[in-house]
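Which chain is which? The protein sequence lines are A and B, in order.
Numbered according to the numbering used here, the first sequence spans residues 1 to 294.
Numbered according to the numbering used here, the second sequence spans residues 1 to 253.
Just to be clear, a hint being listed does not mean it is correct.
Unchecked claim - No more than 20 Å apart at the CA atoms, straight line, and that leaves these computed lysine-lysine pairs for PhoX-like:
1) A:K17 x B:K248
2) A:K242 x A:K273
3) A:K125 x B:K192
Calculated directly from the structure, the hints in this document are not laboratory data.
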Amino acid sequence: MTSIVTVEHLNKNYGKKEILHNINFNVNKNQIIALIGENGAGKTTLINILLDLISSNSGTVNILDNEKDFKERIGVMMQQNISITRITVKEILKLTQSYYQSPLTYEKIIELADLNDLEDSKMDKLSGGQKRRLSFALAIAGNPDLLFLDEPTAVMDSQSRTKFWQTITDLKKQHKTVFVTSHYLEELETIADRIMILQNKSISFDGSIAQLRELEGESIIEFDSILLPDLFKDIPEIIDFKKVGDHYKFTTKNAELIIGQLTPYLNAINNLKVQQNSLDSLFVNFNKEGATHE
Amino acid sequence: MNSLIYQININFKRIILRNKRFFLFDMMLPIIFYLLYSKVLVNGIPQADLKTWQMNYLISMIIYSCLLGSIITVANTLLEDKTSHFDILSRLTPLPRWQYYLSRILIFMLLNLISAIVICLVGILVNHLTLPIANWSLIILISVLGTTPLIFMGILISLANNPATVNLLNNIVVFPLAIISGLWWPITMMPKWLQSIGKLTPTFQISNIDQAILHGKIINSHYIFGIILWLMIIVVTTLLITKYQKHKELNIE
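Extracted from the complex, chain A is given alone in its bound form (with noise of 0.2 Å):
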């Protein structure tokens, strides 16, 4: 696979303050990479680095091989809206286009923004989504390989999300590589292919969904059953036992080995669920558990 952005031993500091020890990552072509902290974690200072608007103490950044056009294949989607007075969309998407050597045809960039009949209005009268969108548009304007996406679906609405989800798969299939940061670890669950978790200053996890939940999923088990919870109650690996009327909720990290000591039991239970947790409960349980990780 071939590395499109590369971070070796980075290191930021604010005055006294340290934000970010030891970051090493790479980023291949073609990939979704979401990166997930709380607040504060110090993600959009670690973009503003790889963005070369503010410097690391110490560490290297290599993005694009550092080509001197660099930036002629970024697009960037920064956490603040641009908003400018007295200019339509159809300009200021004019004048970004124009930056670039090979942009994304106008109609093309209206089509994916989803910014049809928002043309001529004004920037600064937009709503708080439809800022957001035209971000989202002057960032694709340069038709980039490499997008940077920092909360590119705050405000905006659960149709647009869901839209613009789909419009960044398609980017996807179109060989460009996403590096978005989002607090809706829901909607980043059904499209990264890679998690990385900023906490404690690192990089304390980097890897596939399927990988942390391996390490910190926990599944709930529910069933309907008249069988007395003696049966069931000393069985290993139960995290947590409830029991409500004849409604059984087990949960646990393994829920193979639970659902093979149910096994002799079946013909007694029904509706058996078997439910994995979302990247959201994966998330906090692995910022619980922070120091361990370490």
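Keeping the supplied structure of chain A fixed, place chain B upon it in accordance with the hints.
Relative to chain A, chain B alone:
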């Protein structure tokens, strides 16, 4: 080059064409002043001197308008570019920084040019002032080019990065500068010590070059060098502060 033309086009629309503040403040305020002091409040001026007064005050108001445009409009526009994240958007694209600033400086000069032409037209149409077209053109050209140091002063003020500070600095610079350089009232009305300070200001120096053209006198080269010196001092200060801020932003945030 394509992007430079686009930028000039967009900046023309947003900074001049659609900007009510420019029409009201940079253009209308000096015109109102001009009409008031050259047409309405002229009782104490002998009829024989009236035309000269109207012409001299026209030059003062052209420079006053350029002063307002160069400092207040420039500082506020560049500050707006930062607060609206237009500045950062440009920094994340392949657009060279020199193009970003050049497109704006050209528009700021155009803004001063439009104001100067309109004020001249008011003088011609209302007070029936007459001059050879070459002299009109030269006065306008000198006023626009001569106020370039003031555009950089506006850029320098915008580096304060805070609306309240920028407004304060605008007021601290513009109005005292207009008064002590004799744009509002003749400099001879002021105490000697204030006159000597006033004569060092770029606005007084441009005004004197324009007056020399108007009255067919030889232009004092000291004033030309004075303006160039102002330009150099302000540009160097702007570059040093920009460099310091960049260093601070990169390392401390």
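Going back to the hint list, which numbers does this structure go against? 3
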